[in-house]
Amino acid sequence: MGVGIEVKNLNAWYGQTHSLVDINLTMPANHATALIGPSGCGKSTFVRCLNRMHETNPIARATGSVRMGDIDVYKDASPVEIRRRIGMVFQRPNPFPTMSIYDNVASGLKLNGFNNRKILDEVVERSLRGAALWDEVKDDLRKKSGASLSGGQQQRLCIARALAVEPEVLLMDEPASALDPVSTSKIEDLIFNLKSQYTIVIVTHNMQQAARVAENTGFFLNGRMIEYDSTDKIFTNPTDKRTEDYITGRFG
Amino acid sequence: MSEDFKGGRLNSIVRTVENHFVTGLAVLSTVLVVAPLVAVFSYLLYKGASSLNWAFFTKLPVPVGETGGGMANSIIGSAVVLGLGSLLGIPVGIAAGVYLAEFGRGRVLANMVRFTADVLNGVPSIVMGISVYALIVLREKHFSAYAGGAALGIMMVPTITRTTEEMLLTVPHNIREAALGLGVPNWRAVCSVMLRTASPGIITGCMLAFARVAGETAPLLFTAFGNEFWPTGLNQPIAALPLQIYTYAISPYDDQHRLAWAGALVLIVLIMVSVTLVRYVTSRGVLKGAS
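Here the protein sequences line up with chains A and B, keeping their order.
Residue 28 is where the first sequence starts when you use our numbering, and the numbers rise one by one after that.
Residue 56 is where the second sequence starts when you use our numbering, and the numbers rise one by one after that.
Treat the hints as calculated values from the structure; they're not laboratory data.
No experiment lies behind these values; they were computed from the predicted model shown.
Idealized CB from N, CA, C, for every residue including glycine.
Some clues are possibly wrong.
[To be verified] A partial selection of chain A residues facing chain B, derived with a Cβ cut-off under 10 Å:
id, residue
1, Pro85
2, Gln118
3, Arg119
4, Pro124
With the rest of the complex left out, here is chain B:
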């Protein structure tokens, strides 16, 4: 084989340089993505960590001027509203995704659902809040935890629907054929084989949707409304971390600003903890060598 066919020494140097250059670009992009996250988190730690104490997690907010107090009711409230939202958003989202990927191929209804999901994804969260306000709060004549949950749940649906659809479509066709070839009814193949094979991606979608709405303030303003006291029922206005942060952040008092920073820090940490927890729990059943 001649020298110029294999490529000379010069070519080899060019390739090495190109390789390093492209690797460098990839590393640079990673840094650019991670840097803001690290910056936001360290700033939050710097501003918020000093205001964190036991009382923050156990006490109700106190009036301006008094020292102490915490956001315990907001933490519980956020958990309640997010729980309600997930209860609504995750099943509906997954069911719609299954319909799009498995049963609705080429149907008019499927195209409508897909289009609606994409549009819904782009609807500003404040609009979602006002819609739920008009649909539920005005009718019931009071703010409530479940109105807040409904607003967040509806916001979760489009992300979950589209990820579920995408993930189901990536499951190889021969896996479905294996199930059908065993004499398994189609619906059972979808539930037990297709969904299960796609589940890591679907869980990621659910977590993304959850993390996104966990920090939403706007849809809660007109629905959950906020509350200075312990939650007493799903039918009552309820506090939530983003609402409390918002209230404190726009107040004129330094004490409350500090609490707002602490609240933001707690919110981010709680989101990270819950996402990690879900990942841990769902990855425990994964077998050796599973792809």
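Chain A with its partners taken away, still in its complex shape:
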């Protein structure tokens, strides 16, 4: 089951650049939350702060509090443990090129020292089914490299890889921006189905996508969160003038 995420006074920097300013946001469990906004507004930085990927960049730092269920992400656990509980799918598909499809999906478990073949088989099948990729790859699991798949398949492989670790939250950083319309719609269907088991946070440039998959939407601009509300409200009757300008295409 998913857990909710509560963000309080989150600030983030890259070197001297103050890229997130006082973000406060509560994302309910088992819902999809979409984050929209123009390029460079801090959406990606924000999701990277949620699973502490932000701090893998040596010049980056963050302050404030992020709570996931009962856990304070920045105080109660190591970044490694947090990333196991908060999975991430990146903008560009990034399967491990030297690993087979099977090993890609199993990598999160195998690289953490889990080697029970029977359970791994089950996890791999379940995750690939969960990512709607099983039927396309089941005959080549061990024969083909993850990098041999098409872009859309690679992205679903990356989703399967994230699901295999059984996280409680799934962060998706523009998961469909590098994909064709057919793959995009497959991924959107997937997000819709995954909501029952995970809390999903999805960054997107595509406002229709946000409207299709997410119950709640947050609008980011210049490192600040301008407005956060139900997706319906944001797209039909936004409170802030800047949100309205953005969703009606006046800028961005």
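Since chain A is already given, all that's left is putting chain B on it; use the hints.
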């Protein structure tokens, strides 16, 4: 679209000529690179092949005047010394390369290691031999196989270190992020993902270093020293192909000159065989469509 925008017929001819000219230059350069290699190898075949027989690979060297004899002890000796060298050079080289690429970014120690590796790469091999002589042989008071291995191993380190570093830096950043994003500890991501992704290039680096030191004579003169008999232990002086070739080549006897040519041929073939073997073994696990 007007004719002069698309470029006229003349432009198209110029482009075709340019294309052929540059392709020709590339082919010419390839020939220039390959020609000396082919020349050396055919000359070796011509001079050395006739002296090769079963005895060459199975017998010890014989005194001048006697016929027959071979270099079996040198072939084994070379394998032993190179094995020891690789055992020392490859792990140390790769570890240092991993440090430079993954953990030492911007650190003073990393810059020192990188600088040392580059300088070490330029140190003449005879100097390496004398250094190991001073450090190990003088202290132990005798020549030995492991002193030879140490000299070759140290010579392998800088090449392997720098290739490992370069190859790790070419692994795309998003591969590392994929591993970290799964909750894999950093050291595990480096060992199992980064190194594995970079491994074809790192193996090439190791093979280059191996092939380079396999033909070295100078560092062995003061360390492995050479031996006319079968190797009896790592603590004893040991024969090696380059040493035996050197000894025979500077001798005044035609018989020994012929054996030197044969030895050189065998050395080159053995290097080619071992490099090919390593490539074959390491490429067997590569999957369909892996980049």
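How the hints compare with the structure:
1. Pro85: Given a least distance of 8 Å, the restraint on Pro85(A) holds.
2. Gln118: Cβ of Gln118(A) sits 9 Å from chain B, so the hint holds.
3. Arg119: holds, 6 Å
4. Pro124: holds, 5 Å
When the structure is compared with the earlier hints, no violation turns up for any of them.
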